[in-house]
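In order, the protein sequence lines correspond to chains P and D.
Here the working numbering is used: the first sequence runs in plain steps of one and ends on residue 506.
Here the working numbering is used: the second sequence runs in plain steps of one and ends on residue 174.
To be clear, the hints were calculated from the coordinates, so they are not data collected in a lab.
Don't take every hint at face value.
[To be verified] Lysine to aspartate or glutamate pairs mimicking EDC-like chemistry, simulated, CA-CA at most 16 Å apart:
(1) P:Lys464 / D:Glu92
(2) P:Lys459 / D:Asp116
(3) P:Lys243 / P:Glu276
(4) P:Lys464 / D:Asp28
[Stated by the list, open to error] Chain P residues, not near chain D, derived (Cβ > 10 Å throughout):
(5) Glu28
(6) Ile112
(7) Val270
(8) Phe332
(9) Gly397
(10) Glu449
(11) Ala451
(12) Ala452
(13) Ala456
(14) Ala469
(15) Ile489
[To be verified] Selected chain D positions facing chain P (in silico; Cβ < 10 Å):
(16) Ser24
(17) Asp28
(18) Ala32
(19) Gly67
(20) Thr70
(21) Glu73
(22) Leu78
(23) Gly80
(24) Cys113
(25) Thr115
(26) Cys147
(27) Pro152
(28) Ile155
(29) Asn159
(30) Pro165
Everything numeric in this text was worked out from a predicted model, so none of it was measured.
Virtual Cβ for every residue (Gly too), placed ideally from N, Cα, C.
Listed below are the residues making up each chain.
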Amino acid sequence: MTSLFSKWRIRGGVHAEERKTSTATQAIVTAFPLPKKLYIPLQQHVGKPAEPLIKVGEVVLKGQLLAHSQGIISAPVHAPSSGTILDVNDYPAPHPSALPIRMIVLETDGKDEWLQPPDIGDPFQLPPEDISLRVGAAGIVGLGGATFPTAVKLNMGRENHIDTLIINGAECEPYLSCDDRLMQERAESIIDGVRLMLHGMETHNAVVAIEDNKPQAFAAMTAAAMPYPSIKVMQIPTRYPMGWDRQLIRYVTGKEVPVGCRSSEIGVTIHNVGTAYAVHNAIRHGRPLVSRVVTVAGGAVQRPMNVEVPLGTLIADLFNFCYVSPEKTARIIMGGPMMGDSLPHISLPTVKATSGILALTQSELKDTDEQPCIRCASCVTVCPAGLRPLDMANNIRANQLDAAVDIGLKDCISCGCCSYICPSNIPLVHYFKYASGEVAARQQAQHKSEQTKRLMEARQTRLDRIAQQQREEEEARIAAKKERDRLKAEQEATV
Amino acid sequence: MYVFYAIISLTGLGLLLGLLLGIAGKYLKVESSPIVDELEAMLPGSQCGQCGFPGCRPAAEALAEGKAPATICPPGGSTLAEQIAALLGLDLDLKDVQEPELLVARVSEATCTGCTRCFKVCPTDAIVGAPKQIHAVVADACIACKKCVEVCPTECLQMHPIEITLRNWRWAKPRVAVAGNPL
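Turn these sequences into a full structure, and let the hints steer you where they fit.
Right, dumping it as structure tokens:
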């Protein structure tokens, strides 16, 4: 009966073919050969890019700080291995456009020598502020893909006195299984990370939510959480996008996060299992975030696997290791197939956000023949945000972006359910991404035109002032001349 | 008899209302249509003349009289066209509106002589410099009016497309594919 009612809490969503078995059944590969060169972007997080500290030619150790964070919302970057700094310059970013961003290029020396970690006592004796400081200094960001700096989130959680910490183990995207394997193999460390986060946020209640298609992970996590009554492990239904924070919060707590609010405002904070593991590493072993588990899967991959790689490893190196056939690869995707970004080539580095790299064959891709909308409203049914994708897409097609914003364009999370379900193959999410960018561009243009008006008024007042001054000077000069002439005349008269 | 009552009362009414209207027309007269002011406030105000009118005010007057389409202002793009159409209650077909190509002026340092002509004409003070010093353009303030390009004696000021970076990169609009004929 309860399960019947709890089902009501899931809005929309789809159940795509999971395709996780090829990677979920094998242990995480840790023997990845160290690449010769690592390309480390200075921005692998939401917020301001990090500012480099090192010089070209400098020799660094693994875990050494390469670039420090700038401002409140930012994260530092550390050396993923030991070696020499070759360059600090612009290189193509792992982004659909592959436009350049600043990166540090590190030539590895093969020793992979760690920087001596500081002496670590019992972290639970530390004040909670110290936990967030250390998490921030370790460069930890949300590893589910959002890459929001974790320390900022911990601070917000503490300041808002949240009552529940949700650990997101849903991993609802097809193909991806890195979180699943991490939970199966490193459950104790994750639970330890969760306890440290609880300490850092001064909270005593955590829920680890795992989709019911990962029974081994659930068992491992339940066993690891057994000694700690404050941590509850629960199974949630398998349904994409269960890992969307608002959907998960709604399911686990029954609370709806209002539009425009952060989850911490209703007393909930959500972190990924990978983040919890990174927190454990940072606090217990003094090791910053320099590597992560990446799922390499897809039809073109001969050896699909979960592999732990140093950040900055080129996708090309990863593909060599996993025997990806370039001929069969029709599309390269970073992240999952639903929300991930399609990449134009493979000379791009893996970053903190890279949960998976997929090499998909043509047969795995959706048909692109776009047909007219038949108004079947399937997209409305599956939209987890409760929007009307078909109407929004129609508005956008006719360039009526304001109308699209009015019916909720800004609440779209680009989860891809509508594009997935659409029987007419309409690229709905593409329309929404285009429109969101366009709306932002228009706002900027609006802002600029206001600024232009201000500048022109300022210039006009300045010109008027100068003209006024010149007039006054001219008048003063004429008056002075008259005075002089008068005096002269008087003098002449007296003489 | 009733006919006369009707004629007299209606005539009286007509005269009275006509008088009221006449008085209102005299005392509540507006110098220019308020809609023109509203339109002028919406337009960029850089008097660039790309619309074919000598400035933003004449363009606003033409718009108010219905002599110009809502899509008149090229720098305003479709955003402005939408706003104008909403204000004037016009139907708008934005399919053919060209979004303005984003340009920015740049000084070529090799040929700049520091003649100060460009920053004197810049309507937004976007050019900084001093006599016999190389000038520079503040890209954020440049409105691409091209006035500096016209006065530059050495052709060192040129318009360049705004560089696309990760900060201003946007998804392109999906092209509508015809079924059975993929793009």
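Going down the list of hints, with the structure as the test:
1. P:Lys464 / D:Glu92: Given that 16 Å is the threshold and the Cα spacing comes to 20 Å, the pair is violated.
2. P:Lys459 / D:Asp116: holds (14 Å)
3. P:Lys243 / P:Glu276: Judged against 16 Å, a Cα distance of about 22 Å means the pair is violated.
4. P:Lys464 / D:Asp28: holds (15 Å)
5. Glu28: holds (24 Å)
6. Ile112: violated (6 Å)
7. Val270: Nearest chain D Cβ is 23 Å from Val270 of chain P, so the label holds.
8. Phe332: At roughly 28 Å from the nearest Cβ of chain D, Phe332 of chain P sits farther out than 10 Å, so the non-interface label holds.
9. Gly397: holds (23 Å)
10. Glu449: violated (7 Å)
11. Ala451: Check fails; 8 Å does not lie beyond 10 Å.
12. Ala452: violated (6 Å)
13. Ala456: violated (6 Å)
14. Ala469: Incorrect as stated: the minimum Cβ-Cβ distance to chain D is 7 Å, not above 10 Å.
15. Ile489: Nearest chain D Cβ is 27 Å from Ile489 of chain P, so the label holds.
16. Ser24: At 21 Å from the nearest chain P Cβ, Ser24 of chain D fails the 10 Å test, so the hint is violated.
17. Asp28: Where the cut-off is 10 Å and the nearest Cβ of chain P is about 14 Å from Asp28 of chain D, the hint is violated.
18. Ala32: holds (9 Å)
19. Gly67: OK, holds: Gly67 of chain D within 10 Å of chain P, min 8 Å.
20. Thr70: Holds. Min distance 5 Å.
21. Glu73: holds (7 Å)
22. Leu78: It is violated, given that the least Cβ distance between Leu78 of chain D and chain P is near 13 Å, above 10 Å.
23. Gly80: Since chain P brings no Cβ nearer than about 15 Å to Gly80 of chain D, farther than 10 Å, the hint is violated.
24. Cys113: Hint holds; Cys113 of chain D Cβ to chain P Cβ min 8 Å, cut 10 Å.
25. Thr115: holds (4 Å)
26. Cys147: This interface hint is violated because 23 Å lies over the 10 Å limit.
27. Pro152: With Cβ-Cβ at 15 Å, over 10 Å, it is violated.
28. Ile155: holds (7 Å)
29. Asn159: holds (8 Å)
30. Pro165: holds (5 Å)
Consistency note: the structure conflicts with the earlier hints numbered 1, 3, 6, 10, 11, 12, 13, 14, 16, 17, 22, 23, 26 and 27.
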